[in-house]
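Student: Sequence:
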Amino acid sequence: MPCIPLLRGAFLAIGLAASGAGAQDAISAAEKLLFLTDHLKNVVPPARLSYAFSKTGSAEAGFDDTVELRVRALDGAKQASVTFLSAERKTSCPEVTRAEGNPVLLCFLERDIREMERLTGGKSGYFRRAIRLALARSAKVARTRVSFGGRELAADEITVIPYADDPLKDRIGKYASKTYVFALGADVPGGVHSVRTFVPSPEGSPNGAPLLEERLTLVGRRAPRDEKAR
Numbered sequence: 026m027p028c029i030p031l032l033r034g035a036f037l038a039i040g041l042a043a044s045g046a047g048a049q050d051a052i053s054a055a056e057k058l059l060f061l062t063d064h065l066k067n068v069v070p071p072a073r074l075s076y077a078f079s080k081t082g083s084a085e086a087g088f089d090d091t092v093e094l095r096v097r098a099l100d101g102a103k104q105a106s107v108t109f110l111s112a113e114r115k116t117s118c119p120e121v122t123r124a125e126g127n128p129v130l131l132c133f134l135e136r137d138i139r140e141m142e143r144l145t146g147g148k149s150g151y152f153r154r155a156i157r158l159a160l161a162r163s164a165k166v167a168r169t170r171v172s173f174g175g176r177e178l179a180a181d182e183i184t185v186i187p188y189a190d191d192p193l194k195d196r197i198g199k200y201a202s203k204t205y206v207f208a209l210g211a212d213v214p215g216g217v218h219s220v221r222t223f224v225p226s227p228e229g230s231p232n233g234a235p236l237l238e239e240r241l242t243l244v245g246r247r248a249p250r251d252e253k254a255r
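Residue numbers 26 to 255, in my numbering, belong to the letters of the sequence shown in order.
Since the hints were derived computationally from the structure, they do not count as laboratory data.
What follows is a list of derived Cβ distance ranges for each label pair:
#, residue 1, residue 2, range
1, Glu-142, Lys-66, 25 to 35 Å
2, Val-244, Leu-193, 29 to 39 Å
3, Arg-170, Ser-75, 18 to 28 Å
4, Pro-227, Ala-86, 15 to 25 Å
5, Thr-184, Arg-114, 20 to 30 Å
6, Val-69, Thr-184, 27 to 37 Å
7, Ala-112, Ser-149, 19 to 29 Å
8, Leu-193, Arg-97, 38 to 48 Å
9, Ala-77, Ser-117, 16 to 26 Å
Under the rule of at most 25 Å between Cα atoms (straight-line distance), these lysine to any residue pairs were calculated in the SDA-like manner:
#, residue 1, residue 2
10, Lys-80, Thr-91
11, Lys-80, Tyr-200
12, Lys-57, Val-166
13, Lys-199, Ala-189
14, Lys-194, Thr-184
15, Lys-57, Val-171
16, Lys-148, Pro-235
17, Lys-148, Phe-60
18, Lys-115, Val-224
19, Lys-194, Gly-82
20, Lys-80, Arg-95
21, Lys-57, Ser-106
22, Lys-66, Thr-122
23, Lys-66, Gln-104
24, Lys-80, Ala-234
25, Lys-194, Glu-85
26, Lys-80, Glu-135
27, Lys-194, Ser-53
28, Lys-199, Ala-84
29, Lys-115, Gly-82
30, Lys-199, Pro-235
31, Lys-66, Val-166
32, Lys-148, Ala-201
33, Lys-165, Ser-219
34, Lys-165, Ile-52
35, Lys-57, Ser-172
36, Lys-66, Gly-175
37, Lys-66, Arg-246
38, Lys-194, Leu-158
Where a beta carbon is used, it is the ideal one built from N, C-alpha and C, also for glycine.
Using the sequences and the accompanying hints, generate a full structural model.
Tutor: So, in structure tokens, the structure goes:
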């Protein structure tokens, strides 16, 4: 997997080049929240954030796994590393120096793109471009509240359906309705509360369950003193 800062730049550059825009005000609210926010502002290193990951749906076998973000101080900045899933499912996520954005987001998206390649036979560039353009043009942002550590926290919920209006959507068939939902909050440790993707059940399905659903949810935080003791 390419390094995270380059991935973030790639997601932003795709949409700006397509629209002919280059100014900061051309970037949408969804893009700013996802790619241009200091999610780690409230994380004091050394620290460790834990996320639960689950895959369900009728398309293929599901599983439960874990994701871990570790943040440490390095030369006056924050260095972040991610362990994304385990064993044969483990996704390579390189360390990020001078981290601000939460690299868990881009690790999730890059894994998602590879999964879409596997499921549909499409190319990564197509999926990356479709996601980025949809975030720029059609993403919905709404205020919501999320739960963590026994508290209710304010958050922004970003919803986007990248392939809904894409002229090539018929090539990916039943996956063209795939929906992405991100929940981000300034008071959420690491800025990212959850990411959910789902492909709705096909019409006529007897139980109405999603064809495919994946969830990443923040479940734990170790305080700096706990990390120092390890």
